[in-house]
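J.: Top line first, the protein sequences correspond to chains A and B.
So that you can map any letter, position 147 of the first sequence is 267 in this note's numbering, and since no number is skipped, the others follow by simple counting.
So that you can map any letter, position 199 of the second sequence is 209 in this note's numbering, and since no number is skipped, the others follow by simple counting.
Accuracy of the hints is not assured; some may be wrong.
[Unchecked claim] Distance condition first, Cα-Cα at most 25 Å in a straight line; then the derived SDA-like pairs of lysine to any residue:
(1) 122(A) - 231(B)
(2) 122(A) - 223(B)
(3) 122(A) - 29(B)
(4) 451(B) - 313(B)
[As the list claims (entries may be wrong)] Going by beta-carbon spacing under 8 Å, a handful of chain B positions derived as facing chain A:
(5) 33
(6) 169
(7) 179
(8) 249
(9) 256
(10) 370
(11) 489
[To be verified] Ranges between beta-carbon positions, derived for each pair:
(12) 126(A) - 162(B): 42 to 52 Å
(13) 516(B) - 126(A): 27 to 37 Å
(14) 257(B) - 288(A): 38 to 48 Å
(15) 247(A) - 66(B): 44 to 54 Å
Please keep in mind that the hints were generated in silico from the structure rather than gathered at the bench.
Beta carbons are placed, not taken as given, at the ideal position from N, Cα and C, and that holds for glycine.
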Amino acid sequence: MKRRVTQVAVTAGALLLLAVASRVPYGPGAAGAAELRLSWRARSAQIEACRRRTAEELARLPVHMRQELVCERGVAPYRLVVTVDDDTLVDRTVAAAGARRDRPLYVFETIPLAPGTYRLRVVFTRQVAVAPERSGVEDGRSAPAHLELTRSVTLSSGRAVLVTYDENARRLDLVITH
Amino acid sequence: MAALQRAIGRVLARLDAGCNRLYGWRFNPLYHSGAIAAVLFLVLLVTGLYLLIFYRIGSPYESVVRISADPWLGRWIRGVHRYASDAAVVAILVHAFRLFAQGRSWGPRALAWMTGVILLFTVLLCGWTGYVMVWDVQAQVIAELGARLFDVVPLFAEPISRAFVGERPLPAAFFFLNLFLHIALPIGLGLLVWVHVSRVARPALVPPRGLLWGVTALLTALAFLWPAPVAPAADLLRLPTAAPYDVFYAFWVPLARAAPVGAVWALTVLAWSVALLVPLWSRPPLARRPLPSVVDARHCTGCEQCALDCPYDAITMYQRQDGRGGLVAQVTPALCVSCGICTASCAPMRVGPAQRTGRDQLAAVRAFAARTRPGPTDVVVIGCERGAAATDSLDGAPVFRATCAGSVHTSVIEFLVRSGAGGVLVASCPPRDCWSREGPKWLEQRLFHDREAELQARVDRRRVRVVYAGAGERAVLHDALTAYRRDVAALERAAGEGEIDLVSECETAEARP
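With the rest of the complex left out, here is chain B:
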């Protein structure tokens, strides 16, 4: 299992690195696959409402042909609807593979995973009903095969397949039921999305504005340049002829035509069961599972910062029961994914996973500094072990590894600077690729925007820099390290503060990506 995760992870890391080079990490569509799927769902709703106005259950095929013949809105909106539904399947699959490869599919995340699988199935179901609505050759094949599959289920008194033999025309009730399902299923999708993100404190359902409008504009342009095809009309007494099929929804058709019904059912049930049970078979052995955070209630100041920062709403504030008054934090282990974000949000270092609290980090960094003895021209790298800095040494620079850059307590950075390091380069995963969801965001705010548990004002900010580099972006990290080493060397060459042009330094810092 771990080997499969690693293999998919390696492919994703390369793709991520390529997309980052092309679009920048802010607009990398792979990082925003979940949010893009949510946006496509909205696009489908809007375009679907328009199509619904002109769709006729009494003459389904003719009404779709009429919609497609309208060169202004109909053809274009039908195309956007079609391509958005295809892109939604791609986005959901990318999102699922990403979370699977990152091992974010078990424990407290199991609910999100399982609802995600059900979401994918519902999207496919919605797509099938949508294609049947058109009642062209593809619709006929999907309907006939679907009926053949359901005929073996002892639910219906009469074989459903008989409706599609051509004995009599399909009744309008069939198309009404199909339309009803096509409209009712998205309502179910909305509810599923709500459950899907229910364990996340701040779900990202909307991608950055540029990406949002970019995706919509691209689908619009595609629909305009290459409208969705209309296949020949369904004819129940004619064997289905060659027609354009949508791979994203009709991928199962060749198999279902060739294999016995029982085999198709067995394969279907097996595939969906395997997908649903990923949380069971992807979780690490008990001994290797990270422990949830714990709060040292005796020293908790009740500041609420850990509860505010926790990306999974796993920390709740309660009234103290020990007579001291005020609040005390408490972690719900069933919700904690052990990301360690709370470690860095607690100024007194009294919360965090066992052996990874702020105090544990300080002890580790003391040993690290004693071992590496960084000098005034040296740069020390603090690296997220999921990102590009998952190594002990990078181009000669010692690397202090953390489970997440957002879990590194600012005291660790201050200690390194005060112990003589010329600079500390914090190598973090790009914000939307953080395995702990919000590590880079809180890291940046603690370092440069005085978020609680902030880096103390006495620390020279020129001695600290953050670089975003995903697992496949060692070159980005290498370049950032080289540039920072040059800057640190320049700092050391300056005889004193007076020789540094603060204005140009600030301008350079602001111009940095």
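The following block holds chain A by itself, in its conformation from the complex:
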């Protein structure tokens, strides 16, 4: 009888453990926290840097490779600066994605902030590399050379505010839900 009781107790205990471990309460810090997110995809202007090879350079090359004009194509990088209440939280160059750096620019940043009202300024400016000979060709779909969003933003506890780029309106937008 004692064995039977122990058997039932141990089995029930193991099941209880299984059920409890299956639903452990966990709050990954949502309370008293908020988040500023920046996420967009933008096409940048294509740039082409061309130069003429010198006679010495040409002489070093095989005959069939002696092309005088050499051009390197790419996509112009942008500089992203995020300022919150005069504090610069992000200041970096956004280069085009892809192994050949010819894909669109992707911005993805998450900035944890305490709930409250902030003065937010996001600046996204094209940086064109300096080259002795350069020719740039913009297609109509590329983002403007300068994008800026300056707003007063109220972040609620547990909420995220999103800054994104509207490709049709060609401007930075703020997405807030309450």
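Chain A is already provided as a structure; the job is to place chain B on it using the hints.
T.: Relative to chain A, chain B alone:
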């Protein structure tokens, strides 16, 4: 390494002993952890098919809420599905720790170990896709963290994390892909299980019926009494709030949130590499590795018994090439784990690992008998060195040690009885705990059911007894020895066969567990 194996082994031995006391060795769930995992896989398939009918990729969370709101089948089946997936992780881990502690993870068993590790990873992957299907807070966190981890891998042109920032609702294609993975992965699991057991002659994929139905019934009862929870719906523009998390699948979430992505990747790759490479670092030094069996082809009778008994299909029968006709056995060393089961299955004693053949055993037992000189009231113990009798003497009874009780040739037992021992107590590991898989099964059949290389009829079966006692069950062995000594003494007290009531003797023997 050996110290870690011993430490885990000691814990397991205690747990085994406790479970044996409670459930008996036949229904000890720890012994059947691998088979239980296979059964849970089937339970998941059946319950998953039902859930699939009502799941909607267009409104994942709402469909799960609807399923859970159905008080008759939906809530119950979802609960069984959830708890079975949790129990499967536990069963796989118990199975893995058991084999690791027993040193059954290297050599010919390396394939089973490595596929087992991949199986565990696939089960976890399957579980993650399953949780994402629900699209509640936990799903959101798993998906966001998973995406963050994959963003550092230079595979995707666009950061996957952007899909979860809340810019736009998640497309149905995401849930379709997730559902596809959740269904496709179990197919891969089936194939992996097949490879996992491919080197075993008779894989045990189903536990005893009582345990099978018991586990299913218990999960069913748990799902009925405490249904699986539904957390708040995912909201990509809301930071994840407190919610019930499943430790078995979301154990990595706190670490992944706190640590840098690179550190999480490094730790993940390190942990899985260490697990995958266990066969390399758990194998003993070359000098201490047991040698595979060899066949004395000249004297092999071609009876095929060793090939039939080998638990690892390491012995194949070939046509003789020496002009004598008939078959001859040949061992594939790469498949042989040196368990020695074939030693006991060969009546002419012509097969077995070097220095552990039947002839070697006979020579050893002769020396043993000469040294211990067992008398007519003495009980000699033949003990598996992995079980409770891993000692030289037990309560005054001399112990003849073997690498596996199933590798002890019946001639050894006969020799001990004929040399004057009152009784021979063979202490074996419980059948489902045998390190050689099938030692106790073949031992019992050779002793009491005339399996080839059987104990000769001239040996009084009252002089031989088998007891199952695992490494942590010295008390069980002690009790069995005491009881057998009493029986042997009773046998000796009887003046002759006429004084023994054969009917009551048989009844007593049959009533024995």
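J.: State for each hint whether it applies.
T.: So, going through the hints one by one against the coordinates:
1. 122(A) - 231(B): Given that 25 Å is the threshold and the Cα spacing comes to 23 Å, the pair holds.
2. 122(A) - 223(B): It holds: about 24 Å lies between the C-alpha atoms, which stays within 25 Å.
3. 122(A) - 29(B): 15 Å, holds
4. 451(B) - 313(B): Cα-Cα ~20 Å, so holds.
5. 33: Holds: closest Cβ of chain A sits about 7 Å from residue 33(B), inside 8 Å.
6. 169: Holds: closest Cβ of chain A sits about 5 Å from residue 169(B), inside 8 Å.
7. 179: Hint violated; residue 179(B) Cβ to chain A Cβ min 12 Å, cut 8 Å.
8. 249: Given a least distance of 4 Å, the restraint on residue 249(B) holds.
9. 256: 5 Å, holds
10. 370: Hint on residue 370(B): violated, closest Cβ of chain A at ~43 Å, above 8 Å.
11. 489: With a minimum Cβ separation of about 15 Å from chain A (threshold 8 Å), the hint on residue 489(B) is violated.
12. 126(A) - 162(B): 42 to 52 Å: 51 Å, holds
13. 516(B) - 126(A): 27 to 37 Å: 34 Å, holds
14. 257(B) - 288(A): 38 to 48 Å: The hinted range 38 to 48 Å holds for residue 257(B) and residue 288(A), with Cβ atoms some 46 Å apart.
15. 247(A) - 66(B): 44 to 54 Å: Check passed, 47 Å falls within 44 to 54 Å.
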